[in-house]
Each structure stands twice: as structure tokens, then as C-alpha cells.
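**Student:** Protein sequences appear in the order of chains A and B.
Sequential numbering from 262 applies to the first sequence in my numbering.
Sequential numbering from 262 applies to the second sequence in my numbering.
Heads up, some of the hints might be wrong.
Where chains are identical, the list cannot tell them apart; a pair therefore holds if satisfied intra-copy or between any two copies.
[Claimed, not checked] Quick list of in silico lysine to any residue cross-link-like pairs, SDA-like style, CA-CA up to 25 Å:
#: 1; residue 1: 365; residue 2: 443
#: 2; residue 1: 347; residue 2: 378
#: 3; residue 1: 279; residue 2: 398
#: 4; residue 1: 316; residue 2: 404
#: 5; residue 1: 266; residue 2: 418
#: 6; residue 1: 355; residue 2: 383
#: 7; residue 1: 364; residue 2: 449
#: 8; residue 1: 290; residue 2: 406
#: 9; residue 1: 364; residue 2: 292
#: 10; residue 1: 392; residue 2: 298
#: 11; residue 1: 279; residue 2: 342
#: 12; residue 1: 364; residue 2: 394
#: 13; residue 1: 290; residue 2: 401
#: 14; residue 1: 266; residue 2: 397
#: 15; residue 1: 326; residue 2: 401
#: 16; residue 1: 364; residue 2: 427
Since the hints were derived computationally from the structure, they do not count as laboratory data.
Below, each chain spelled out in residue letters.
Number of protein chains: 2
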Amino acid sequence: MDICKHNLILGSASPRRKQLLEDAGFLCKTTPINAEESFPAHLQAQEIPLYLAHKKASNYPFPLKENDVLITADTVVWVKNTVLNKPENELEAKQMLQILSGKKHQVFTGVCLTSSKKQVSFYDETTVFFKTLTEQEIIFYIRKYQPFDKAGSYGAQDWMGLTSITRLEGSYFNVMGLPTHKLYEHLQQF
Amino acid sequence: MDICKHNLILGSASPRRKQLLEDAGFLCKTTPINAEESFPAHLQAQEIPLYLAHKKASNYPFPLKENDVLITADTVVWVKNTVLNKPENELEAKQMLQILSGKKHQVFTGVCLTSSKKQVSFYDETTVFFKTLTEQEIIFYIRKYQPFDKAGSYGAQDWMGLTSITRLEGSYFNVMGLPTHKLYEHLQQF
Numbered sequence: 262m263d264i265c266k267h268n269l270i271l272g273s274a275s276p277r278r279k280q281l282l283e284d285a286g287f288l289c290k291t292t293p294i295n296a297e298e299s300f301p302a303h304l305q306a307q308e309i310p311l312y313l314a315h316k317k318a319s320n321y322p323f324p325l326k327e328n329d330v331l332i333t334a335d336t337v338v339w340v341k342n343t344v345l346n347k348p349e350n351e352l353e354a355k356q357m358l359q360i361l362s363g364k365k366h367q368v369f370t371g372v373c374l375t376s377s378k379k380q381v382s383f384y385d386e387t388t389v390f391f392k393t394l395t396e397q398e399i400i401f402y403i404r405k406y407q408p409f410d411k412a413g414s415y416g417a418q419d420w421m422g423l424t425s426i427t428r429l430e431g432s433y434f435n436v437m438g439l440p441t442h443k444l445y446e447h448l449q450q451f
Numbered sequence: 262m263d264i265c266k267h268n269l270i271l272g273s274a275s276p277r278r279k280q281l282l283e284d285a286g287f288l289c290k291t292t293p294i295n296a297e298e299s300f301p302a303h304l305q306a307q308e309i310p311l312y313l314a315h316k317k318a319s320n321y322p323f324p325l326k327e328n329d330v331l332i333t334a335d336t337v338v339w340v341k342n343t344v345l346n347k348p349e350n351e352l353e354a355k356q357m358l359q360i361l362s363g364k365k366h367q368v369f370t371g372v373c374l375t376s377s378k379k380q381v382s383f384y385d386e387t388t389v390f391f392k393t394l395t396e397q398e399i400i401f402y403i404r405k406y407q408p409f410d411k412a413g414s415y416g417a418q419d420w421m422g423l424t425s426i427t428r429l430e431g432s433y434f435n436v437m438g439l440p441t442h443k444l445y446e447h448l449q450q451f
């Protein structure tokens, strides 16, 4: 089956996103894009990763050829009407995990598909439920796993995700960084 | 943090279960157990994997030492009050995927923890929603991925899971074969 007729370019340095694309049957080359991850303060929830996915697409440094499709994406953790970014240090990581402990939060991934002719964007939302974390678990996790490159200070696919996520409502792969089922659908129609 | 004081033995040949245990921070040795996967016909839903997890524990061929804890597990796909086993051939795989197409189903994993002194068992349930599959997608998947070792004829972590699962309600790792958050909790109390 010809599952993709495009020449895909993943505009991301994330090895997880590349792996998810490959596992979903899409071969792509990757080009990291420099884009400062700031956004207007009035943006809410899915508006933030959609804005950042567009911004990354705008910053792609090369002209797109006839058959090229650029994939850019951004994932945010959204809790109590606030976005949790990547933690800058151990204290911030600890504070984020204390906010997530024993509660549910939303993970939004915004995706933007860009060719020389058109641009389509979409997002997906997953609700993630965390068990109550002990102080000891939080400190163990931060010291051992150093989650400073992770929005919300945790990885769904690492120790924290495996031991402390008690329930998902939505797509697991969206939490990992790419809603592969929606991407598959949109690429077929693109 | 001392996350496990036991000497864990995984009674399974599944590389996925071993990987999930390691990712959850548990080192274990593995010993495949020969147990025929038949069960009494009156069993329903979670009763089936709980029965099979116990059966595997009973078939463990060595005496358990003081600090040993044997982990056995079984996962079933349950749809329309019927269990979907591993498909025996391409036709059966096709029929199973046609049953799952466009519908939701349940995945139950039963887990049994056994030491020389006691035995504890538990299960987890995840609801999985599938998009409508085309004939072309079903045939492509079966020929390319050969899902004959998979209950229900699909893997949550392969092409079918990534492109066609639109929503989960519950634990993703339970669908992969081990509800790691519950295992973590039970091992701490064992």
C-alpha cells in the first residue's frame, strides 16, 4: 500500500517524534528548526502549540520543493489554565510535579503541515491522570531522569509515566509528542 | 530510592513485558513458562487473563526461594462478549480486524504475583477505540506485520496502533501487556 506520496521533512530535533513517524510507516528526513518557544500571553490551551507549530514552519530555512511536506509540531502540558514549560532547574521540576500529583491535566499537541502550495494545521488533546506522588518519588525521578528537556517535567514513556500515570483519555502518542492517527489521516488527504 | 526489595522473576517470553518492567525500574530475570492457553468456557472478560496468569504461576517449574517474586500475566482482547485470541492464519486475522474496525473494545491484563509465602493477583482494563479500517489497510497490515502472535491481531505499539487507535480510556501499558502503575503499587506492598 502506498501510504504516503509526499517527500516528508520533520522540522524537529526530537528523536521521539522521528521514531513515532517511522513506526507509523512514514519515512522522513529531519531538519531541526531554530524557533524561540515564546508565544503571546493571551493564548490558551491548544492555541499555544498550534501557534508554535506555525512559528516553526515559518522559520524553516529552505525553499520547499514540489513534493515536499514539512511537518512541525509542538506539545504543551496544560493544568489549572496554565501551561507548564520545560523546567529550568530541579526546584522548578519539583514544583511542576507537585502540581501534577494526584490530579488530571491536559496534553495538547499542535501539528502544522506545509507544502509550497498550502498549509493545514490540527491538534489533539489527551487527558492524563496522575497518582499522588511522594516527595521521595519526585526527588528520585528528577535526580535519576533529569527531565529538564520535557514539558511538565515528565516523560509519558519513562519511569514517571509507567509508574504514575493511572489513566489516559485520548491518544497516548499525542502525549509522546505526535497524534499519529490524525497525522496519518491528514497526510492521506493532503 | 529502593524501588524493589524483591528478586523478580518474569514468567514470560514476551520481550515487551520485560522491556516494560525495565522501563518501570524493575530488574528481573525471565523464565518462559509452558502453559497451554485454554480456559473454562464460562469465564468472562477479566476472569480469563486472571485464570491464565494463575495457571502460568502454577506451571513455574522451579521452587521459589525466600526473596523470589514470580510475575505472570496474560492479556486478552474482549469485544461483543467474546475473547479474541491469537489468529491462526490470514483469514482469521482479517476477520478479527473487521470485528474491531470502527468500534471500541476492552483489553484486560491479569497479573499474578507469587512468592513462597503468598499470592496476590489483580487486573486492569483499558477501552480502545478503533477508526474504520479499509480492506486495503487490513490486508497491508497483515501481510507486512504478520500479527499472528498478537491477541486480537494487532499491536498497540505498531503500525496498526499508531494509525488506527483514535482513543484510549485507561492505561496504554496495560494494552501493551502489563499495567505497570498497578504492578508498581502492588510490588511496593507485597
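**Student:** Decide, hint by hint, whether the structure agrees.
**Tutor:** Cross-check of the supplied hints:
Taking the shortest Cα distances, residue 365 and residue 443 sit within 25 Å of each other both inside one copy (23 Å) and across copies (17 Å). For the identical chains of this complex, residue 347 and residue 378 are neighbours neither inside a copy (34 Å) nor across copies (46 Å), given an alpha-carbon limit of 25 Å. Within a single copy, residue 279 and residue 398 get their C-alpha atoms only as close as 30 Å, which misses the 25 Å cut-off; across copies the closest is 22 Å, which meets it. Proximity of residue 316 and residue 404 under a CA criterion of 25 Å is satisfied in neither setting, with 33 Å inside one chain copy and 40 Å between copies.
Proximity of residue 266 to residue 418 under the C-alpha cut-off of 25 Å is restricted to the inter-copy arrangement: shortest distance 24 Å between copies versus 30 Å within a copy. Taking the shortest Cα distances, residue 355 and residue 383 never come within 25 Å of each other, neither inside one copy (32 Å) nor across copies (31 Å). In this assembly of identical chains, the alpha carbons of residue 364 and residue 449 lie at most 25 Å apart only when taken from different copies (21 Å versus 37 Å within one copy). Taking identical chains as interchangeable, the C-alpha atoms of residue 290 and residue 406 lie at most 25 Å apart only when they sit on different chains, with a minimum of 23 Å there against 28 Å within one chain.
Taking the shortest Cα distances, residue 364 and residue 292 never come within 25 Å of each other, neither inside one copy (36 Å) nor across copies (38 Å). With identical chains, the CA atoms of residue 392 and residue 298 are never at most 25 Å apart, being 30 Å at best within one copy and 33 Å at best between copies. Taking the shortest alpha-carbon separations for residue 279 and residue 342, neither the intra-copy value of 30 Å nor the inter-copy value of 38 Å comes in at or below 25 Å. Within a single copy, residue 364 and residue 394 get their C-alpha atoms as close as 10 Å, which meets the 25 Å cut-off; across copies the closest is 35 Å, which misses it.
Proximity of residue 290 and residue 401 under a CA criterion of 25 Å is satisfied inter-copy only: 24 Å between copies versus 36 Å inside one chain copy. Taking identical chains as interchangeable, the C-alpha atoms of residue 266 and residue 397 lie at most 25 Å apart only when they sit on different chains, with a minimum of 16 Å there against 50 Å within one chain. Taking the shortest Cα distances, residue 326 and residue 401 never come within 25 Å of each other, neither inside one copy (48 Å) nor across copies (29 Å). Taking identical chains as interchangeable, the C-alpha atoms of residue 364 and residue 427 lie at most 25 Å apart whether they share a chain (10 Å) or sit on different chains (23 Å).
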